[in-house]
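Residue numbers (UniProt numbering), protein chains in the order written: chain A, 1 to 273; chain B, 1 to 268; chain C, 1 to 285.
None of these hints come from the bench; they were simulated from the model.
Just so we're clear, the structure is a prediction, and the values are computed from it rather than from any experiment.
Each residue gets a CB set at the ideal place from its N, CA and C atoms; glycine is no exception.
Mixed in with the good hints, there may be bad ones.
To list a few chain B residues with every Cβ distance to chain C over 12 angstroms, as calculated [to be verified]:
1. 33
2. 96
3. 240
Which stretches of chain A does chain B cover? Using the computed rule of at least three CB atoms under 8 angstroms from a CB of chain B, they are [to be verified]:
4. 50-61
5. 84-92
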Amino acid sequence: MNRDTRPHSQEGPDVLDVNGLRKTYGSAGGSVEAVHDLTFRLDAGELACLVGPSGCGKTTLLKCVAGLLAPTGGTVAVDGRPVHEPPPDMAVVFQEYGRSLFPWLTVRGNVELPLKEKRLPRARRTALVEEALEAVGLAGSARSHPWELSGGMQQRVAIARAIAYEPRVLLMDEPFAAVDAQTRADLEDLVRGLWQRFEMTVLFVTHDIDEAVYLGQRVLVLSSAPTVVQDDVEIDLPEQRDQLTTRSAQRFTELRARVHGQIQQAKQASARE
Amino acid sequence: MSPAPGPASAPARALSFLARLLLLPALLVGLWWWAASGEGSFYLPTPGTVATTFVDVWVSERFLTDALPSIGLLLTGFFLAAVLGVGAGLALGLSRTLRALTEPVLEFLRAVPPPVLVPLLMLLVGLDSTMRAAVIVSGCVWPVLLNTIEGVRAVDPVLSDTCRVYRIRGRRRLTTLVLRSASPQIMTGLRQALSIAVILMVISEMFASSSGLGFAIVQFQRGFAIPEMWTGIVLLGLLGVALSLVFGQVEKRVLSWHRGLRATARGG
Amino acid sequence: MTTSPTRAGAGHAPATAPSGPQPPGRGSASVRTVSLGLCGIVLFLLAWELLPRTPAADPQYLPPASTVLATLAERAATAQFWGAVGDTVLAWGSGLAIAAVAATVLGLVVGSVPLLRAYTASTVEFLRPIPSVALIPLAILLYGTDIRSTLLLVVYAAFWQIYVQVLHGVADVDPVAEETARSYRLGRLARIRYLVWPTALPYLLTGLRLGAAVALILTITAQLVIGSPGLGQEIAVAQSSGAPDVVYALIVATGVLGVLVNTGVRAVERRALHWHPSVRGEVSA
């Protein structure tokens, strides 16, 4: 299992193509529009963060992209194939780590389960599980049950499960919203490390501007009501990032201010409605 | 040999444990004995009499002819009901339409007190042992069925989404997601079913049978064989306690994850 | 890439968009549920009506629904029927009431005194699983076909259901709240009133719901087997006189009674717990 750390190429083919995505929830008292009209593309191997004010339909968008929800209009395509159900080479890390792990399975069982469904041979499964658990720093907890671990460690298990699955696209839905600040910083570095180590395109949804700027190569800013992509900011920070120097860099502050300004604008726009 | 605090406190702990375990039962048996040895206690033999009669009555062929077949019938009926109830519960729990269609009828059928099935089936086909098993099945299946439905409905949506994302479906989804999530409710249903099974076993034998535990007890009572009747009550009691212990062990194994989860959720 | 900041194109976009999927419209869903449920009832009755008219079932064993319902209506016009219903409800209600009061008082006392709890645990664990039908011969000897026979069985069965739930409820009292109460120097009675009781109430109601169902089962059982007056005894009589339609009609009556008991208890539960944030799950113990 040699997975090279590959060079990031901005010229690669589109892996994820979201075009004119629209989602309305019908109800007896009229319809509610969660996503108005979203269009964006991710290249192979890109790490993009999607940031927006809370309640702007981020989760809905992610569920549509993951094939968990059928969009009302528009298309989602992974590798040129339209998404109607969860595609085989996509993994999702949910915000609710406690509820996305099977409490009756051990950590190993949780990571291995999707691989069993993929009908991989046992030796390959063991190798993948061990590599993934080692990569997230949980090699010693394979036999524990998820509920015996702290919140941050549980989210590491969910990440290990996603990595072992060897996805082309990894979606992360506010994965660190429910962990404490220190754990959160560790997990952010973990995600960047894993992204560099394994060949994946990552779409990382968050409401935290700092997190988005720190993690991403690109930050897509969503406006709320109607939900559209309001700005697409390229993050030209150095590849090698760390919590202390990157966050105190002049450029980081500038980018942060730009995203922040866009979000404020988005909020005002929606308040004017 | 100096009495160090460690070894000295261990026997003390054991003693206090035994006291907690046995003090009240000993007092109650003492009370029973005292009450039974008084005047006018024709219906209440002493514990000693009951114990010796118990050995005479049940440590004999009678155990094989009267008690064992009853227990076998009880377990057969219970297991059939469990399989049926969980199977149908899965089907109904997974289909919204089927559930909406059957819910009012099931609510009614569940509300019918199961013992009324005894005279009905007896009237219709007579109560041989197959029919007695049928009585137990048709009475026990409801709590299992309804609790399974409830458990299947309560599957966590995030976990369900996780399964969809990783394309886990069919049998594996059923066994790793649905059945396991529903297992706490299923176990609750099975426990209710077990006590209904005992009731139905006993009364179907009391009502219409020429053998079995329930029949034997009623025979003793009708013949005013008071100590023997008490041994029957004791045997039924022991059966109930034994079933509950076995069930508790099974439940502990099946739901160990659930206990752990609850304990950590409470501990914060 | 769309970057226009304001896109007020669609006028029906509300100011607060949901972040997650909304439940589908409640009104239409419940209409669908109700109509499907009615369909289910009609189908059930239709099958019951038609099956005896086919060779699959003998009408002597399974009288068609119309016959059974007609018999039930006939019965319902008699005082004897309502007398039996009254006896059944009386035995059920008073048995449940006795069990509930005894179990609540004992449960609160034993539950809040750790020493008592420790010394009674083994006895409770032994007595609780004893099937109350084991007491039938004893009840017959002591009380004959008197209502007290029924009460003995009902109280024994319902008591444990409620008692165990109350114990769980008392054990569920938040230790932080308990310490807070102590630090404000609340006395034992005040602690029970303001702390233990509200915590244990949802558990008590769960126990009551389980106990009510069990009590009905045992009421009917006692009437069937012992012959105390009530619906159970009527069924036994109809059975021995070989009248399947009457047996079916009375079974339907007990089912209706059961539904009333279940919905009644659930209504009480909802009402008493309207302040409670979550509907409690059952304690499987």
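Cross-check of the supplied hints:
Once the 12 angstroms rule is applied to beta carbons, residue 33 of chain B is consistent with being away from chain C; the minimum gap is 16 angstroms. At the 12 angstroms boundary, the C-beta of residue 96 of chain B falls inside the reach of chain C, the nearest C-beta of that chain being 9 angstroms off. Non-interface call for residue 240 of chain B relative to chain C: violated, since the shortest CB-CB distance, roughly 4 angstroms, does not exceed 12 angstroms. Proximity of the segment 50-61 of chain A to chain B, defined as three or more residues with a beta carbon under 8 angstroms from a beta carbon of that chain, is not established by the 0 residues found.
Counting residues of the segment 84-92 of chain A whose beta-carbon sits less than 8 angstroms from any beta-carbon of chain B gives 6, enough to reach three: the coverage restraint holds.
In summary, the structure is inconsistent with hints 2, 3, 4 from the numbered list given earlier, while agreeing with the others.
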